[in-house]
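Number of protein chains: 2
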Amino acid sequence: MKTVAQQMFRTCDKLFTRKTLNDVQEAHPSNIETAAQMDNIQHLTSPSHLSIVEDVREGVHHVEAVMERAHHGGGWLLSGIICINILILGCALVSGSAFNSVAITAVHRQIFVIVLLLLTMLWMLFYTVFTFRKDQAVLFKDSHAGPVWLRAGLLLFGLLSFLMDIFKIATYVGYLHCDSAVKVAFPVVQAVFLLIQTYFLWIHAKDCVQLHTNFTRCGLTLTLSTNLVVWMAAVTEESIHQTEIPDLNVSVSHKMYRASYGDKKCKCSHSACGTFKEAFYYLYPFNIEYSLFAAAMAYVMWKNVGRLVEDHSHHNVKFHPKDVCLGPLTGILLVVAGLVTFIVYEIYILKEGEEKTNKALLIHFIMNIVIVSMMSLSTIIGCIIYRLDHREHVSEKNPTRSLDVGLLVGASMGQFIISYFTIVAVVATGARGYLNALNLSWAILTVLQLGLQNYFIIEGLHREPFHVMQEAALHTNAHAFQEHAEMNPVVERNKSIYILTSSSHKLSLKRRVLKEVCAFLLLANIILWIMPAFGARPQFDHSIEIQFYKFTMWAAIVNIGLPFGIFYRMHSVASLFEVYLIS
Amino acid sequence: MKTVAQQMFRTCDKLFTRKTLNDVQEAHPSNIETAAQMDNIQHLTSPSHLSIVEDVREGVHHVEAVMERAHHGGGWLLSGIICINILILGCALVSGSAFNSVAITAVHRQIFVIVLLLLTMLWMLFYTVFTFRKDQAVLFKDSHAGPVWLRAGLLLFGLLSFLMDIFKIATYVGYLHCDSAVKVAFPVVQAVFLLIQTYFLWIHAKDCVQLHTNFTRCGLTLTLSTNLVVWMAAVTEESIHQTEIPDLNVSVSHKMYRASYGDKKCKCSHSACGTFKEAFYYLYPFNIEYSLFAAAMAYVMWKNVGRLVEDHSHHNVKFHPKDVCLGPLTGILLVVAGLVTFIVYEIYILKEGEEKTNKALLIHFIMNIVIVSMMSLSTIIGCIIYRLDHREHVSEKNPTRSLDVGLLVGASMGQFIISYFTIVAVVATGARGYLNALNLSWAILTVLQLGLQNYFIIEGLHREPFHVMQEAALHTNAHAFQEHAEMNPVVERNKSIYILTSSSHKLSLKRRVLKEVCAFLLLANIILWIMPAFGARPQFDHSIEIQFYKFTMWAAIVNIGLPFGIFYRMHSVASLFEVYLIS
Chain F
722 MKTVAQQMFR
732 TCDKLFTRKT
742 LNDVQEAHPS
752 NIETAAQMDN
762 IQHLTSPSHL
772 SIVEDVREGV
782 HHVEAVMERA
792 HHGGGWLLSG
802 IICINILILG
812 CALVSGSAFN
822 SVAITAVHRQ
832 IFVIVLLLLT
842 MLWMLFYTVF
852 TFRKDQAVLF
862 KDSHAGPVWL
872 RAGLLLFGLL
882 SFLMDIFKIA
892 TYVGYLHCDS
902 AVKVAFPVVQ
912 AVFLLIQTYF
922 LWIHAKDCVQ
932 LHTNFTRCGL
942 TLTLSTNLVV
952 WMAAVTEESI
962 HQTEIPDLNV
972 SVSHKMYRAS
982 YGDKKCKCSH
992 SACGTFKEAF
1002 YYLYPFNIEY
1012 SLFAAAMAYV
1022 MWKNVGRLVE
1032 DHSHHNVKFH
1042 PKDVCLGPLT
1052 GILLVVAGLV
1062 TFIVYEIYIL
1072 KEGEEKTNKA
1082 LLIHFIMNIV
1092 IVSMMSLSTI
1102 IGCIIYRLDH
1112 REHVSEKNPT
1122 RSLDVGLLVG
1132 ASMGQFIISY
1142 FTIVAVVATG
1152 ARGYLNALNL
1162 SWAILTVLQL
1172 GLQNYFIIEG
1182 LHREPFHVMQ
1192 EAALHTNAHA
1202 FQEHAEMNPV
1212 VERNKSIYIL
1222 TSSSHKLSLK
1232 RRVLKEVCAF
1242 LLLANIILWI
1252 MPAFGARPQF
1262 DHSIEIQFYK
1272 FTMWAAIVNI
1282 GLPFGIFYRM
1292 HSVASLFEVY
1302 LIS
Chain V
722 MKTVAQQMFR
732 TCDKLFTRKT
742 LNDVQEAHPS
752 NIETAAQMDN
762 IQHLTSPSHL
772 SIVEDVREGV
782 HHVEAVMERA
792 HHGGGWLLSG
802 IICINILILG
812 CALVSGSAFN
822 SVAITAVHRQ
832 IFVIVLLLLT
842 MLWMLFYTVF
852 TFRKDQAVLF
862 KDSHAGPVWL
872 RAGLLLFGLL
882 SFLMDIFKIA
892 TYVGYLHCDS
902 AVKVAFPVVQ
912 AVFLLIQTYF
922 LWIHAKDCVQ
932 LHTNFTRCGL
942 TLTLSTNLVV
952 WMAAVTEESI
962 HQTEIPDLNV
972 SVSHKMYRAS
982 YGDKKCKCSH
992 SACGTFKEAF
1002 YYLYPFNIEY
1012 SLFAAAMAYV
1022 MWKNVGRLVE
1032 DHSHHNVKFH
1042 PKDVCLGPLT
1052 GILLVVAGLV
1062 TFIVYEIYIL
1072 KEGEEKTNKA
1082 LLIHFIMNIV
1092 IVSMMSLSTI
1102 IGCIIYRLDH
1112 REHVSEKNPT
1122 RSLDVGLLVG
1132 ASMGQFIISY
1142 FTIVAVVATG
1152 ARGYLNALNL
1162 SWAILTVLQL
1172 GLQNYFIIEG
1182 LHREPFHVMQ
1192 EAALHTNAHA
1202 FQEHAEMNPV
1212 VERNKSIYIL
1222 TSSSHKLSLK
1232 RRVLKEVCAF
1242 LLLANIILWI
1252 MPAFGARPQF
1262 DHSIEIQFYK
1272 FTMWAAIVNI
1282 GLPFGIFYRM
1292 HSVASLFEVY
1302 LIS
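Residue numbers (the numbering used here), protein chains in the order written: chain F, 722 to 1304; chain V, 722 to 1304.
These aren't lab readings, by the way, just hints derived from the structure by calculation.
Please note that a few of the clues may not be correct.
[As the list claims (entries may be wrong)] Using C-beta positions, here's what the derived DEER-type ranges look like:
id : chain 1 : residue 1 : chain 2 : residue 2 : range
1  : V       : 992       : F       : 1083      : 51 to 61 Å
2  : F       : 824       : V       : 987       : 40 to 50 Å
3  : V       : 1271      : F       : 1127      : 51 to 61 Å
4  : V       : 1262      : F       : 823       : 14 to 24 Å
5  : V       : 1151      : F       : 839       : 19 to 29 Å
6  : V       : 1151      : F       : 899       : 20 to 30 Å
7  : V       : 1091      : F       : 924       : 43 to 53 Å
Please read these numbers as outputs of a predicted model, since none were measured by experiment.
C-beta: ideal position from N, C-alpha, C; glycine also.
Please build the complete structure, drawing on both the sequences and the hints.
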């Protein structure tokens, strides 16, 4: 069995590039003449010139070997094509099952996803057993990939998604006598998938695979697209579920609802059905978030396949929390205040009744406006310091950083879209009433804050780390002192010691302010993450956008945008921590 | 006036980076210590060490100058933020005006677009008058940017869009007594914009701007986002217009229709109104295409701001059409056959009646299946030759090529999406009847063809040009001959001449087949471009997808996907020509 699989593996890989471990070496640009030589050789056949022919041929053989190593376009392209095809097919199926309840039902979509999940699991097992076990498979690890916040988030959301699947199984087992068995099979497969994928990504997120690179690339894009299809399906289901809300009588949504949850004639055989169903819908957002996290990690792994990372000597940056105090203090106060208002908001919303809802919204809006304005202000201070600060920009290319920036900006789109749609809706309807005015201010301030924060983080990540500059500076000073040493050596030495101690223990004002700003923003992002992640949905509690855009469209916007917004906040926390360290 | 504007210009630029012409030079990585030095200087204040201080300070001044040149993150980021904000606000406004006919009407959206158009025109004038006129403003030109097909396409679509605007003006002048004047103002402004932008892009598409880079970056993203907002607005209007089709009684669409074209009570004051209205809706797709072209060119210009292009010595590749014959011949036959069936199709469709429509569709489907299968076959042959061929991959980085590949793959998404949605719809409804079967085969073959063609083009663009390899090979041979010259010089010389002449005049079999494949694919892409660009819409003539996805959704998919598909075909033609030359 094992040998057969290995054989398959090798054939599969040979099909594309006939690549060996040697492709770690790079092709020499001086060997580009081979093909032309080969074309020419056919004319050199008279026996008297055998020696030349042989000379050339020898060169050809050598060059051929080098060339085959350089030939690595195939797998990259093929994996991209696979990814595109799965994604678009998934998109068509999901849209089909949402908009046409007759021909394509949720069952068809679930069968498609089950196939994808099984294939991905199979590949992950293959990878763990065959590729990773080999000595030279993973020569390098990308220390920036799969940072701890991403893996911890994956684990947390993975656990909650697992819970969701268990509730789903419990619910649909009750419908087994009158509904499709696929509805039970799907959460079972998904639960197994969650376990395997979380383990896989936890262990292998940092790998820079060097063996079977084509097969690995295809496998990783399969993982990526599977997660994105699961994400699309979850977003759609969540949106359809929300259209169930009683005070909105859209005729289409009820048809969809019936199609998704079995005909109303089909009654659940056990009593806990309703509770389970209620419960698993609360856990949907975590599953959406989990899929995004896993997709991001698979993408980073895909980018790292075949990459040769130089092992950067980690500048042992230490985290001195005592350097700063104002930022963290205000930040912690903000987090506590945010948590209190969040709990009050949730309690008021659950009590129902328009007056309570309005009161809850009032509190929530005001709190958010306070948080966002304080963040904007502190970010402006940070940006001004960047303008005054004369630290050099990092010039070397760093794919992980580019990816980080890309993910940051991309994820911020989610919140941007929600805010702009709110602005348009509120302005167009005239912003009557205090709640609308607050909602508008919140949206405008959020747009401002997002723009500023993106600027601040990206600028910060592109600055030369302070400790690097410090080392360089000390170097220069030492040189200066050597030159002037003959003049008055004793004083110099004292001065030198003074500089060394002062620069390492006391922060300059600029650095300190930057660190304060980072610490404050970090904590503020945490509270802005907690509120939507644990269920605050003012977008649905306040009705202006629903009336303006119709429910289906608004639900789609929020359900697509908000998970990205949550991802953005987590990502910001991690990036701000990095900016804190290098400031 | 001129000096004031120049002052504004300078201040604007200084605000971000205080950049001078010097930023053409790159910062030396050895000067990273400045900030740390500056921090240290504050401790060196005793008069006895003035000499050291001055030494260090001198270094600081030098380094500061270098640093300011390297500091170029601001404009890039700011322009990105501007682009995102305009795009998302535009998206919200367009969606709002499409889904909510009460609070936001087409007039609001048009006012927003007018503001954007005016700002963009203002910037273009500024650029032409102030930036471009300066000697050092454009030191380099990117020879790959703004290729002739893109500029010719821009001109063609620009002219047709201009015609559309004239028809629009003529129509809405008739409604002036009872409808908003904005509806006349909008096409007037757009017509002027078309003239200015087409001139601007025609002249400046290749510029690599070195002066006022931040201001230019922001201006270019403004141009980019304006074009994309115009594109979004046009796609939405086109989709709404199509919902007018009588046999589809969707209640929402009629309300939209009324909102867009003025209340039915408002009668046109001249008799040609109906004709003009009919005419300008036929020209909408060209305007959509124009916006995409302009956006692509603005994006390339934005990428090129501040870029230092090495002036690649253009290998004077000659186009020998006589080298190939089978490919072009079959291609031309295919184009002629395609044109004939396209005309027949259009005539039959215009005659209306179900039987005629079915006959037209039958002809169109069969013709397309023939074209696409032949293309797939020839692409497979081309791919096999790539596998056999041992030409080196180009290793140097080339931003224009990366962009080209990105645009190619991105544009192909449009056709991919349409095809997959068709596949899902037809398969789900059981593919009954010969028309459905043909439609399904066409969609599947198109997906296959797109994947193969993308692979073929990307592989081809990444191969070392043959003439480069030839030169290198001749070099090697010359060397070999020198070594063996003492043995029998006369024969050698003859041989050498033989090789030279044979290799330059007669193509090897592999190269010839590659060229044949390229030529055939090129012509086939032309006919696949002509058919949708000049009005073939089997997606709407055949009703299966409309019934399956509901009209609004299907119209949105086709109206977004098809213009990208058309762009893809044109782009493929250009890329295939390049592949032809380097094979």
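Between residue 824/F and residue 987/V, is the Cβ distance one that fits in 40 to 50 Å? holds (42 Å)
Could one say that the CB atoms of residue 1151/V and residue 899/F fall in the range 20 to 30 Å? With a Cβ separation near 25 Å, residue 1151/V and residue 899/F satisfy 20 to 30 Å, so the hint holds.
Can you let me know if the beta-carbon spacing of residue 1262/V and residue 823/F is within 14 to 24 Å? With Cβ atoms ~23 Å apart, the hint holds.
At the C-beta level, are residue 1091/V and residue 924/F separated by a distance inside 43 to 53 Å? holds (51 Å)
Indicate whether the distance between the beta carbons of residue 1151/V and residue 839/F respects the range 19 to 29 Å. Between residue 1151/V and residue 839/F, where Cβ atoms are some 26 Å apart, the hint holds.
Range first: 51 to 61 Å. Now tell me if the beta carbons of residue 992/V and residue 1083/F are that far apart. Check passed, 58 Å falls within 51 to 61 Å.
51 to 61 Å was suggested as the range; check whether the CB atoms of residue 1271/V and residue 1127/F agree with it. violated (35 Å)
The structure fails hint 3 only (numbered hints given earlier).
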